[in-house]
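Chains as they are written, first to last, in full-length UniProt numbering: chain F, 1 to 262; chain X, 1 to 321.
Derived from the structure by calculation, the hints contain no laboratory data.
Derived SDA-like pairs (lysine to any residue); straight-line CA-CA distance at most 20 angstroms:
id, chain 1, residue 1, chain 2, residue 2
1, X, Lys144, X, Asp101
2, X, Lys302, F, Gly134
3, X, Lys305, F, Tyr55
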Amino acid sequence: MTWLVALSAILHREALRFVGQRSRFVAALVRPLVWLFVFAAGFRAALGLSITPPYQTYITYEIYIIPGLCGMILLFNGMQSSLSLVYDREMGSMRLLLTAPLPRWWLLFSKLLAGTLVSILQCAAFLAVAAVWGIRLPLVGYLVVIPALLLSGLMLGALGLMLSSFIRQLENFAGVMNFVIFPMFFLSSALYPLWRMAEASPRLRDLCTLNPFTHAVELIRFALYGQANLMAALWVTVALAVFSAAALRGYDPARGVQNRKG
Amino acid sequence: MTRLAILLMILALPAHAGEIWITNEKDDTVSVIDVDTLEVVRTYPTGERPRGVIFSKDFSRLYICASDSNTVQVMDPETGKILHDLPSGEDPEQFALHPDDRHLFIANEDDAVTTVVDTQTRQVVAQINVGIEPEGMAVSPDGKIAITTSETTNMAHWIDTATYTLFANTLVDSRPRHAEFTADGAKLWVSSEIGGTITVFNVADQTEVGKVRFEITGVSSDLVQPVGFKFNPEGTKAFVALGPSNHVAVVNMTTYEVETYILVGRRVWHMAFSPDNSQLFTTNGVSGDVTVIDVASETPVKSIKVGRFPWGAAMRPTKSQ
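For reference, chain F alone in the conformation it holds in the complex:
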C-alpha cells in the first residue's frame, strides 16, 4: 500500500510540475514542431522517399521524420526529468525522497514512470498537431504506439537517471546533454534511413545500429503503423535493463557516488 502511496505522490509531484511549468510543456512541443515545419520542409522529398518497412508505399520526408521526433521528445524529456533530480539533490528534496521506507529501486522507478507519462502526453500533443497539419497515421497506430513510447521513454529516462547519478552539479549536466543527446539523436535513424547513412559510410551506419535510440525510434516507427518490431523491442529492453542497473548502482549509498566526497 505504501508503495502505491509513494508512486502516486511522485506522479502527483510530476503532474504538478507538468501543469505548473506550462512553458516547459510548450518548449517541449515547439522543439519537434520546429524540426517538422522548418527542417523537414527543406528535405521535403516531394518526389517521394524509397520504400522501407514499415512503409508500404512512397512517403514524403515529413512522414518519415515523425517517429524520430517522437523519439526526440522522449530523449529530451528523459534527460530533463533526470536533470530535475540533480536539482532535487542540490536542493535537498532528494534526501527526503530517498529516505522513504521503501526500496530505492521502487522510488526511482516511480520517478522514471512519472517522467515517461509526461513524455507520452507530449508525444500525443505533437502527433495531434501533426494530424491537424495533415500528417495522419493509421488509427490503430495511435494506440499501438503507446506501449512503444512507454518502453522507449523508460529506457531513455533510465539513461538520464544513470547519468544523473554520476553528476553532482547542474553545470556538469549541461555538458553531458551535449555529449549524449546530440550524438544520440544524430547517430540514429531519426532523421535519415539507415541505408542513407550506409551510403555516406558503412561505419556510421554501424554506429547508428548500436545506438539504442535508433531502436527506440524504429520501435515507435513500426508501432505507429500497427506493427511490432520485435528486434527493436528487444534492443530497447536490454538497454533499459542495463541503464536501470547502472542507475541503481549509482544511487546505491554503499557503492554509488552519493557518498563520495565532492
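With chain F's structure known, arrange chain X on it following the hints.
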C-alpha cells in the same frame, strides 16, 4: 452456431473480387494483381514491349498492344495463352474498343494512321490518315466518334466511325497522349504531356470549354507531365497521372481545379479502378511498381512490385467465391 459462422464468412468475403492486369514494357510480360490480397498472383509472357491493354466486354479476351512486335495480341485471361495476333499496323501503342465490342481503333505511332481492326474476322477494316505520331485513342460511348491524338501535330483528330473519315481537327497543347470521353459522351478530355495541361472539349461542337493546369509544390513544372487519366463513376472527379512528377492529381470535373495531389511511384503512366471503384491502381514506369490508392480518402495505401517499366492497366472482375 455453424450457420452464424458461415454467414460471417460470407459477409467477410469481398463482394467485388477482381484482378488488375498490368503490361510490363521492358519485361514483355503482363502481371496480374489480385485486388483483395494486393499481390501479384500470375505473370504471363507477351510480345515485345506491351503497352496499351484492354478487355473485351465480357472479359473473356485481353487485347495487348505489343508495340515492338507490331501487333495486337489476343490473350485468354483464364490461361494466359496468346490465342492469336491481330493485324494492327506499325507500332501500336494505345487503342480503344468500340462499344460494339468488335472493332478496335489502334493508333500507329510510326505510320501516322489510325487502324480499325475487326476482332472477329481479324481483318483491317480501315486505315485513316491522321497527324504525326498518333498516340491517344478514344471512342465515344455511343460509338459514333473516335478520337486519335497526334503527339507531334498536337491535335485531337475527330473520326466519324460510320464513314471512317475525319470530320474535325482541334489543336491542343504540346504532345497529347491520352483522350477519354466522359460517361455521358458530352465532353472529351485530352491530356498534353509537354504542355502540362488537359484540354476539355464540348463534343457536340468540338469547342474547347476548359483547361486543367497542374502545379505541385516542390516539383519543377517540367516534371509535371499529364498522361493517362480516369474518371470516377460518379463523373465528379478525374484522376490524372502526372508522369515523372510521381503524383496523381485529383481534378474536380465541374471547376477543372485540382483538389489534391497523391504521391505514387516514379513516372506514373496509366491506371485502373478496382471492380467496386474503391481502389485505383497506377502503373509507375521507372520504379517498376503499382501504387494502390484508396479512392475515398485519396491516399496511397501500398506499392506493389511488378515487372520492369509497367505501363498499361486493365481491370477484370472475378467471380465471388
